[in-house]
Structures are given as structure tokens and as C-alpha cells.
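Below are the chains, spelled out letter by letter.
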Amino acid sequence: MKLNQNGVIASCCPGPIVAPSRRAFISGGLGAMLTLAIPGWQLMAEPAGVGATLRERAKRKPKACILLWMNGGPSHLDTFDPKPGTTVGGSFKAIDTAVKGVRISEHLPRVAEMADRLAIVRSMTSREGNHDRGQYLMHTGYIPTGTLAHPSMGAWVSHELGDARAELPNFVSVRGPSIGAGFFGVEHQPFVVQNPMEGVKNLPLAKDVDARRFDRRLAAIDLVQTSFAEQTGQPAVGAHGQVDAKAVRLMRSPLVKAFDLSQETEASRAMYSNSDFGRGCLLARRLVESGVKFVEVTLDGWDTHYNNFTAVKNLSGDLDPAMAGLIKDLEARGMLADTLVLWMGEFGRSPKISGNDGRDHHPGAWSAVMAGGGVRGGQAYGSTDAEGEKVAKDAVDVPDFFATIATLLGMNPEKEIMSPMGRPISMSDHGTAVRGLMKA
Amino acid sequence: MKIPVNFIAMVMGLIAAPLVAATEADAARGVNEQLRAAWVKEGLTAAPRSEDATFLRRVSLDLTGTLPTADEVVKFVADADATKRGKVVERLLTSDAYARHWGDYWDALLMGRLTREGYIDRNAFHQWLVDQFATNVPWDKFVYSLLTAEGYNTNKVPGNAASNPPDQQQKFNAATNWFLRYRMALPELAGTTSRVFLGVQIQCAQCHDHKTEAWKKDDFKQFTAFFTKTWPTYYDKGMIIGTTRQETKDWPVVAPINAKTERYFTSYKEYVESKPRFLQGEEYRGFTSRRAALAKWVTAKENPWFAKAIVNRMWAKMTGRGFVEPIDDLRPGNPAVMNQTLELLANDFIANGYDLHHLLRTICATEAYQLACRADAATVAEGHPKLWSAYPMKRLELETQLDVMLQATGAREALNRLTKSNLRLIRQSILKQFVTQLGTDDMAEATSFDETVPQALLLLNGTLVNGATRATPGLALAEVLKSTTDTRARIERLYLRTVSRRPTEKELAGWEAFLKEPREVVSKEAPGGEPLVGPAANRVTPEVANAPADMEFKELLKFIKTSGDYTALRGRVRNNADGLLFVKAFEQYSADYPLAVLASMGGGTTVEEQAFEDLFFALVNGSEFLTNH
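Line by line, the protein sequences are chains L and X.
Position 111 of the first sequence, counting from 1, maps to 111 under my numbering, and the rest follow consecutively.
Position 280 of the second sequence, counting from 1, maps to 280 under my numbering, and the rest follow consecutively.
Hint data in this document are derived by calculation from the structure and do not stem from the laboratory.
Heads up, some of the hints might be wrong.
Said to hold, decoys possible - DSSO-like mimics (lysine-lysine), calculated; alpha carbons at most 27 angstroms apart, straight line:
#, chain 1, residue 1, chain 2, residue 2
1, X, K269, X, K216
2, L, K313, X, K558
3, L, K257, X, K561
4, X, K75, X, K506
5, X, K554, L, K201
6, L, K352, X, K217
7, X, K75, X, K171
8, L, K201, X, K524
9, X, K482, L, K207
10, X, K432, X, K561
Unchecked claim - Covered stretches of chain X (in silico footprint by chain L; criterion: 3 or more residues with CB under 8 angstroms from a CB of chain L, positions within the stretch not fixed):
#, segment
11, 54-67
12, 178-190
13, 474-480
14, 501-510
15, 596-610
For each residue, glycine too, the CB sits at the ideal point set by N, CA and C.
Starting from the given sequences, assemble the full structure and let the hints guide the process.
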């Protein structure tokens with residue numbers, strides 16, 4: 001065992017391997033196995049002659065994930081788990097969706113049309129009612145301990161599915177800083193694009209620098225670095241060089257146009273609507289198309305302690321066309337099966353409507369939405385009680401939710417990586433993937 | 001003849017002890033004895049003493065966030081005074097830069113780098129912090145004032161204010177802005193108070209009891225209850241451009257939960273209904289201000305955490321690693337490395353009246369701070385020298401990184417002229433770019449910042465670094481090239497400006513070869529056009545001038561190109577949300593504009609000048625410049 005550059009212990013074996021369950025063979029049979037997007041690590045453990053042929057395996061590329069992050073904690077009651085006509089339900093009406101019996105907020109009409117692609121999880125439950133802690137939990141799967149910086153979901157995907165030699169970053173965060181890579185280190189840190197319209201800053205060379213001069217400058221930096229490394233013997237000097245090299249690779253990559261929304265047609269921009277969030281979603285699609293493995297797009301403003309209904313209505317106006325457009329677009333491009341789309345925030349909001357017409361934090365029962373990437377769409381999974389206060393059926397806790405995401409993306413949810421504190425950490429924290437949310 | 005320092009030490013029989021021992025405070029001597037004993041026990045060989053030039057750069061960066069000037073380096077190295085290190089510490093502690101540097105540090109830590117609210121006067125709060133460090137207010141008094149602050153958040157009067165509170169100026173207390181930052185977030189205020197000032201992480205118990213942690217939910221609720229008799233009153237009604245006036249006040253009663261107070265106490269009913277109780281102590285039943293009672297308890301000599309928390313933090317800041325890591329987690333389950341040394345320093349700090357200068361003087365005199373920066377496999381664990389047996393390589397705070405860039409290149413003066421002395425605005429904007437592109441918590445300590453690709457792009461190809469390293473009249477490089485025609489002297493001056501030392505013979509030879517390589521002058525069209533200067537800057541863009549009256553302010557802002565547009569749009573602010581958008585956008589513009597001007601300026605026009613630009617550019621992109629070591 002040896003330490004790699006990030007201080008993560010690299011081991012030769014990929015951790016415990018979970019064989020495809022026996023039941024899958026019996027109930028699904030061989031045909032079902034063929035259509036299943038079987039993760040690479042599972043294929044390795046598969047008995048010869050079962051499952052996809054070698055050629056089909058070679059064609060299968062790793063999946064990608066787009067997380068629509070509703071910062072502040074979206075009200076489940078005013079989005080995907082409406083209780084119209086009750087004291088907790090507020091002023092919004094519910095509308096029918098493409099799935100019989102599943103109704104959502106009247107302010108999400110386009111998403112409603114796409115409901116047959118969605119798995120609406122109405123039974124999310126956690127215990128962190130503070131923003132920082134909830135955001136940390138729902139990004140990393142762990143509560144903050146103060147002693148160990150856990151990697152976020154995007155960093156896990158970058159670590160497990162990303163290509164270390166890729167010219168584009170494996171993890172991009174649009175319109176928000178997200179939570180970082182923790183002990184996975186710089187390599188898996190989110191690449192932040194603050195404004196989707198601006199794309200990546202500082203790419204074109206200055207007016208008095210051409211490619212040859214820039215090369216000369218890099219050679220000059222080498223002189224400086226070599227000399228300093230000789231004087232101090234500091235390994236950190238080498239790490240600095242690696243990041244610089246990556247930055248230069250990005251500057252020179254033709255793939256960098258993935259960040260440039262001006263390359264899109266007016267029609268495709270309109271599909272997502274013109275809000276900043278819509279543009280962020282469009283950017284996410286472009287990035288995934290170019291090989292980025294995890295894109296997080298933030299829609300902020302869900303901390304609706306007051307004027308909840310005005311705020312959620314406005315936010316829904318941005319969310320609805322963007323989310324529906326994204327799913328429709330991914331599907332039209334044949335990317336939806338390989339792209340997991342997630343919608344969630346750090347918690348839900350209280351059924352009780354406060355004196356300021358607001359709702360407070362509510363981690364006990366809330367909603368998340370999944371689509372694409374092997375998700376069993378066309379359902380509302382689990383439910384809350386009549387007040388939306390507690391989970392009534394099929395509770396999904398955080399470890400189970402993370403295990404489901406990992407499994408859908410073809411990652412081994414149980415795989416443990418040794419943290420610098422000597423504690424092994426897995427993405428799922430011992431959760432079990434929820435079968436009902438995945439295609440058989 | 002000059003006698004080498006080491007020789008004197010040998011003659012005096014002080015081989016193991018460095019010469020500073022003669023003048024260092026008793027506490028530093030005690031720390032050194034413990035360090036040496038620990039190294040012997042672990043079989044570690046300490047690094048040699050740092051070079052004088054390195055020490056000067058190190059201590060200037062750590063204490064003031066600035067580089068020593070080239071002259072200072074030359075003089076310091078030549079100075080034969082055996083007590084010169086102690087003397088320079090003394091000079092730095094009383095400098096303006098010291099106060100500003102620590103003001104910046106605590107501003108980022110307490111407020112967050114990105115926090116912008118219409119009810120927070122960040123400039124006033126920053127100035128308040130700077131004043132505390134400028135007058136070296138004892139730490140216990142500092143914390144007491146912060147925790148109990150009452151009064152108005154700002155002394156400024158908004159341009160469109162309908163009326164003004166008669167007592168605004170008398171009751172102005174900028175420290176109240178910290179309380180306002182946690183408006184409607186009492187649990188966070190309580191958690192931050194205990195974490196930052198006591199190193200106690202009670203916030204982990206906010207939601208539920210953890211089996212493995214000492215603090216229970218009741219501890220948290222009852223600690224938070226100390227803040228439930230404090231809330232601010234809005235003075236300004238309606239639309240305000242600027243900071244709204246808020247008077248923070250301790251009230252004799254617990255906030256009644258009604259529509260008015262609920263803004264502050266929503267979902268905090270359980271805290272309002274809890275009785276305040278000190279951690280591991282008694283309930284507070286007094287009738288005087290709850291916050292005052294809390295502050296008195298926090299800062300009391302008997303408080304087991306208060307002195308240790310700040311000593312551990314400052315030790316970590318200076319030497320790169322705390323006795324306890326993370327530095328704000330002093331729970332029993334997370335024991336200190338060399339606890340006896342932490343206690344020695346904490347007791348000494350209390351005995352010296354919580355004097356931060358004394359603490360820093362002591363730390364600077366310890367071997368942990370005086371040794372050379374060195375890394376080899378045997379002495380480094382988790383990227384840090386074991387038991388402080390060498391000085392580490394430390395990343396600079398973001399603020400410091402920016403400041404040294406501006407200082408070394410002379411861009412500080414140039415930008416100051418361009419912005420009519422509003423450099424602080426530009427700093428804020430660039431810092432914001434740094435912080436968001438780093439993809440990290442805006443209140444994170446700099447030690448946790450790893451370099452990222454966007455940051456590398458900013459340094460390798462950003463407007464600031466490109467522009468500031470040009471041979472533009474008024475910037476550093478042009479001055480250096482003008483001052484001498486001797487190649488070696490020019491290189492030496494650039495080294496002294498950036499890495500605060502003279503180049504080695506090998507480095508000089510390497511650069512001479514580099515400068516002689518064949519090259520051509522590069523000059524091409526500027527990307528994105530030139531910035532608007534002169535009368536053009538005051539023109540109003542047609543889209544702004546002709547925008548329909550009902551257009552959303554957010555949309556209007558997208559058309560803005562010139563400062564004239566800002567003047568035109570000022571009158572279209574309709575509510576506080578618009579006002580905040582306007583202020584944010586205008587600040588961004590005011591900060592970006594001078595950088596755009598800088599980028600548009602001409603640089604070197606000869607092969608030689610451009611070769612020196614490349615050399616200078618490389619120096620400020622190197623690890624030696626971008627770290628403290």
C-alpha cells in the first residue's frame with residue numbers, strides 16, 4: 001500500500017465486490033440483465049457467459065450525474081408533496097401529472113408533464129436542521145465532525161468514474177461553491193463556474209502574450225520551481241506544478257468550448273428558459289456531453305422563512321422550464337439513460353406556516369427527485385403523513401439515498417477509502433440501495 | 001572582522017540553544033526546553049536556524065501580511081545586532097500593517113468573506129477590528145466588547161433617508177454588526193461563539209445528542225438562551241440605498257413570540273423557552289444582561305477554554321499547526337500534542353493580561369518559529385514537520401496573497417491612483433473571485449485552501465498578474481529596469497522585491513541564459529476591446545436609456561457597460577432588494593474597471609523588456625513567492 005499524491009491510500013484491490021443478486025437472475029432473467037446498465041466493477045465479478053457481451057461492455061461508458069441543488073431547503077409541501085386544502089397546505093393548488101395519481105404543485109406544470117421519467121421520493125428523512133450541517137450532510141452523506149473533511153458526492157464521482165487525464169474537470173459546480181473534495185484533495189475539487197454566461201475565466205491569452213511566449217513563461221516558472229524545491233525539499237512545490245499543468249491543459253483544450261453557451265442555438269436556449277438557473281442547466285448538459293462526470297447547478301433562495309409562497313412561486317418559475325427542459329433535452333440526445341438527474345436541497349420546510357407567511361427548517365420529512373440513469377420513473381416513492389410532518393411510508397434515510405445514487409451510477413457503494421485519520425469512509429456510510437427506485 | 005553567530009554560541013557554551021535565548025521571554029525559554037526534550041525523545045533532529053532574510057520575510061508576512069521592502073532585507077541581513085530578530089518583531093507589532101492584517105483575518109473569520117447584507121456595515125466592522133489591534137486591546141476585553149455590543153450598526157446616513165435617529169452617532173457601535181450577521185440565526189451565533197472563542201463545538205448537539213460527544217442538546221439550547229434577550233430594532237422604513245440603521249439592544253425580557261420578534265426568533269422557540277446555563281456550570285438567574293453574564297463567564301480567568309483557544313489558534317497561525325487540530329476543537333476526545341506546552345503558553349498569556357503582543361513575541365522567539373523550512377521524509381508527517389522540528393511551508397491567506405502581489409509589482413500604488421484611493425473595493429472584488437473559484441467555505445481558514453485550477457488560471461493568465469508584471473511606467477518592473485542597466489543587478493532587485501532574498505549564483509546564471517534566448521516582440525490586439533476611459537465612461541448605453549419603465553431591475557443591470565449607466569440607474573431602484581443588487585453590481589464594476597484599465601496599458605516594447613517581464617512573471621507565479629516558508 002502506498003500513498004498517492006492526495007494522501008489517499010491507493011490499494012490494488014477495488015474493495016469488496018458485490019455480486020449481482022441472486023434474485024435479479026431469477027426474476028429478471030438474462031434479458032433483463034442485458035438491458036441493465038451494469039457497472040464496470042460488477043462486470044468484473046460477473047461469471048463468464050452471463051450478461052452483456054464483451055463488445056457491449058466496451059461500448060458502455062461510465063455514467064454521469066447532474067445535481068440540481070436547491071439551496072436553502074425547498075418546501076416539499078409547495079413543490080413535490082402538495083397537501084392542498086389542508087391547514088398546512090398553503091395557497092398553492094396541486095395539478096395532475098403524466099403519472100396517474102401523482103400530483104405536484106401547480107407552479108411546476110412542465111415538470112408535471114415529464115413525471116413519467118421521474119421518481120419523486122416523498123419520504124426523505126434526516127436530522128440536520130441547520131443549513132451548514134444539512135448542506136454538508138446532503139453533499140457528503142456524513143454529518144460534519146470537525147475532524148475529517150468528507151468528500152462530496154461530486155468528488156466521489158470524480159474519484160471513481162472520472163478520468164484523471166481528462167482535459168476538462170470531472171466535477172463542475174455552477175452558480176454555487178458546493179462542498180469540496182475533502183480528503184480526496186485538489187484533484188477532485190469542484191471547478192466553479194459562477195456565471196454560466198461567462199464560462200471559464202482567464203482562458204484567452206493577454207494581448208502581448210502569444211503561444212510561444214506563454215511557453216517561455218512556463219519554462220521560466222520551471223526555473224523558479226526547481227530552484228525552490230532544491231532549497232527546501234518541499235513536495236508541495238510539485239503539487240503546485242501539477243495544478244498549473246492542469247490549468248494549461250485546459251487553456252489549450254478544444255473541449256473547453258463546452259463551457260461556451262454562445263455555441264448553442266436560440267431554440268435550445270429557449271428550451272431551458274432564460275433564467276440564470278436555466279442557463280446553468282444548459283451548461284450542465286453541454287458539459288456532460290463533453291465528458292464531465294458530475295455537474296452541480298445551484299438554485300438559491302429556498303430559505304423561505306418569510307413570504308414563502310411568493311418566493312416559491314418565483315423560484316418554481318425558474319425551476320420548472322429548466323428542469324423539464326434538461327430532462328427532455330437529455331432524452332432527445334439519447335443521454336438520459338446514462339445521466340442521473342437529482343433534485344434536492346438540504347431539508348424540507350415546516351408544515352406550520354409562521355406569522356410571516358413563511359416556513360421554517362424541516363429535516364424530518366421532505367422530498368427529493370431522481371430521473372434518468374437507471375431510475376425507475378413514473379412513481380412517487382414513499383409518502384408523508386397528512387400534515388407532511390413525518391414520513392408515513394418507505395422512509396429513505398441519507399445512507400440509503402447515497403447508496404442508491406452510487407449504485408445507479410455504477411459505483412460500488414460499499415467501497416472504502418482510507419481517510420487520513422485512519423478511518424475508512426464509503427460513499428454510502430453502510431446504507432442499502434433502495435430497489436424500488438431503480439429499474440429492475 | 002565579523003564573528004559568526006554560531007561561533008559566539010559555541011564559545012558561550014550554548015551549542016544547543018540559539019542565541020535568541022539570551023533575550024527571549026521566560027515563556028519562550030520554557031517552550032524551547034519542552035520542544036527540545038520532545039525532539040530528543042522522538043529521535044528527531046531539528047532543522048538549522050533559518051537564514052536572516054528568510055526570517056524577515058516570514059515574520060513580516062505572519063505579523064503584517066506584507067513583504068519587507070528590498071532595502072529592509074538588505075539592511076537586516078547586514079545588521080550585526082544579535083537581538084535584531086526580536087527588534088524587528090517589536091517594530092512589526094506596532095505597525096499599521098499589523099492592525100490591518102489581523103483586522104482582515106478576524107473580519108473573514110467572524111463575518112465570512114462573501115457576506116453582504118443591507119443591514120451590515122462591513123467597512124465599519126472592519127475598521128472596528130483594525131482599531132482593536134492597533135491599540136492592542138487585551139483579548140478578554142476584545143471578546144467582551146464583541147459579545148455584548150449594543151447600539152447602531154453604522155454611523156453613515158443613507159442618501160435617501162427620510163429622517164435620522166437623533167442618537168445615531170452617540171450610540172454607534174460597529175461591533176454590533178457581528179450580532180446582525182447572525183440575525184435570525186441564534187443557534188449559529190451560539191455555536192460560533194463557543195467554537196471560535198472557546199474551541200468548544202457545542203453546535204454538534206444542536207439537533208440531537210450524539211453518543212460519542214460530551215455535549216447534549218440541552219447544553220446547546222441553554223447556551224443559546226444567553227442570546228434570546230437581544231434583538232435589533234429597524235430604524236429605516238421603506239427603500240434605502242446604503243446600509244439600513246439597526247439598533248441592537250439587550251432587553252430586560254425574553255423576546256415575546258409575536259409577529260414582530262418572530263423574524264429573529266422563528267423556529268427558536270425552544271431556545272427562548274430555555275433557561276441560560278453556562279457550559280458545565282450553573283444556570284444564570286441574574287437580572288442584568290444575559291450577554292454580559294455570558295461574556296464575563298467566557299473571558300474569566302477560571303474559564304478552562306478561553307485562553308487555550310486563542311493561544312492554540314495563534315500558535316497554529318504562526319507555526320502552521322496547532323497543538324490541537326482542528327484548531328477550534330478542544331474537546332477531551334481530541335487531545336493536544338504537547339499539552340504541557342499549550343498550558344504553559346495559556347497560563348503565561350493570562351498572567352500577562354491577555355496581551356496579544358506578548359503572546360506573539362513569545363511565539364516568535366521559540367525555536368518552532370526560528371528554524372529553517374525544510375522537508376524530508378523522516379521529519380514530515382501529514383505534510384507538516386513533526387513536533388515543530390522545522391518551519392513548514394505555509395500557504396498565504398487569500399488576503400495576503402493578493403496584497404503581496406500588489407506590493408511586489410507596484411500595482412498597489414498604480415491601482416490606488418486609478419481608483420482614487422479606493423483600493424479596498426478592488427481587494428474585495430478580487431478576493432470574492434478567489435473565494436468562489438476556490439470552491440470552498442468562505443469562512444474557511446487559509447490552511448485548508450488547496451490550489452485549484454481556476455486559481456492557477458487567475459495567476460497564470462489573469463488580468464491582474466499579466467498587467468502588474470508588465471514594464472509599464474509606474475509599475476515595479478519599469479522602475480527596476482530604469483534604475484540600472486546591469487543585468488545581474490536588475491535580477492537581484494526583482495528577487496529582493498518578490499522572494500526577499502538575493503538570487504544564488506546558479507539562479508543568476510540560469511536567468512542570464514534565459515534572457516539571451518532568441519525571441520521576438522509580441523504585440524497583438526487586446527481581447528475584448530479597450531475599457532472605456534474619459535468622456536466615453538460617462539455615456540449612457542442606449543439599452544439602459546430606453547429601457548421600459550416596468551423592466552425588472554435585475555434585467556436592467558444586464559445592460560450596464562459604463563459608469564454613466566450606473567448614474568442613470570440609481571433613480572430606478574424601487575425597493576431594498578433592488579438597492580442591494582445595485583450596490584453589489586456597482587461595487588463589482590468599480591473593482592473590475594481599474595483592472596481592465598491596467599490590462600489595457602502598454603507594456604514592454606523591446607525584446608529585453610519582454611524577457612524581463614517573463615522573468616518577473618515567473619517569480620510571482622512560483623511557490624517561493626506564493627507561500628511563507
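Structure-based check of each hint:
1. The straight-line distance between the Cα atoms of K269 of chain X and K216 of chain X is roughly 18 angstroms, inside the 27 angstroms bound, and the hint therefore holds.
2. Using a Cα cut-off of 27 angstroms, the hinted pair K313 of chain L and K558 of chain X holds, with the two alpha carbons roughly 23 angstroms apart.
3. The suggested pairing of K257 of chain L with K561 of chain X holds, with an alpha-carbon distance near 25 angstroms, which does not exceed 27 angstroms.
4. Between K75 of chain X and K506 of chain X the CA atoms are separated by roughly 24 angstroms; this keeps the pair inside 27 angstroms, and the hint holds.
5. In summary, the hint linking K554 of chain X to K201 of chain L is supported, as the alpha carbons are separated by about 22 angstroms, within the 27 angstroms threshold.
6. Annotation: proposed proximity of K352 of chain L to K217 of chain X holds, straight-line Cα distance about 23 angstroms (limit 27 angstroms).
7. Restraint check for K75 of chain X and K171 of chain X: the C-alpha separation of about 48 angstroms exceeds 27 angstroms, so the hint is violated.
8. This hinted pair checks out: K201 of chain L and K524 of chain X have alpha carbons roughly 20 angstroms apart, not beyond 27 angstroms.
9. Distance check on the hinted pair: K482 of chain X and K207 of chain L sit about 24 angstroms apart at the alpha-carbon level, within 27 angstroms; holds.
10. Of the pairs offered as hints, the one joining K432 of chain X and K561 of chain X holds, with about 21 angstroms between alpha carbons and a cut-off of 27 angstroms not exceeded.
11. Coverage of the segment 54-67 of chain X by chain L is violated. Counting CB-CB distances below 8 angstroms, 0 residues qualify, and the rule asks for three or more.
12. Coverage of a stretch by a chain is defined here by at least three residues with a beta carbon nearer than 8 angstroms to that chain's beta carbons; for the segment 178-190 of chain X and chain L the count is 3, and the condition holds.
13. For a cut-off of 8 angstroms, the count of residues in the segment 474-480 of chain X with a CB near a CB of chain L stands at 0, and the three-residue condition is violated.
14. Figure legend: the segment 501-510 of chain X, annotated as covered by chain L; annotation consistent (4 residues with Cβ-Cβ distances under 8 angstroms, at least 3 required).
15. With a threshold of 8 angstroms between beta carbons, the proposed coverage of the segment 596-610 of chain X by chain L holds, since 4 of its residues qualify and at least three are required.
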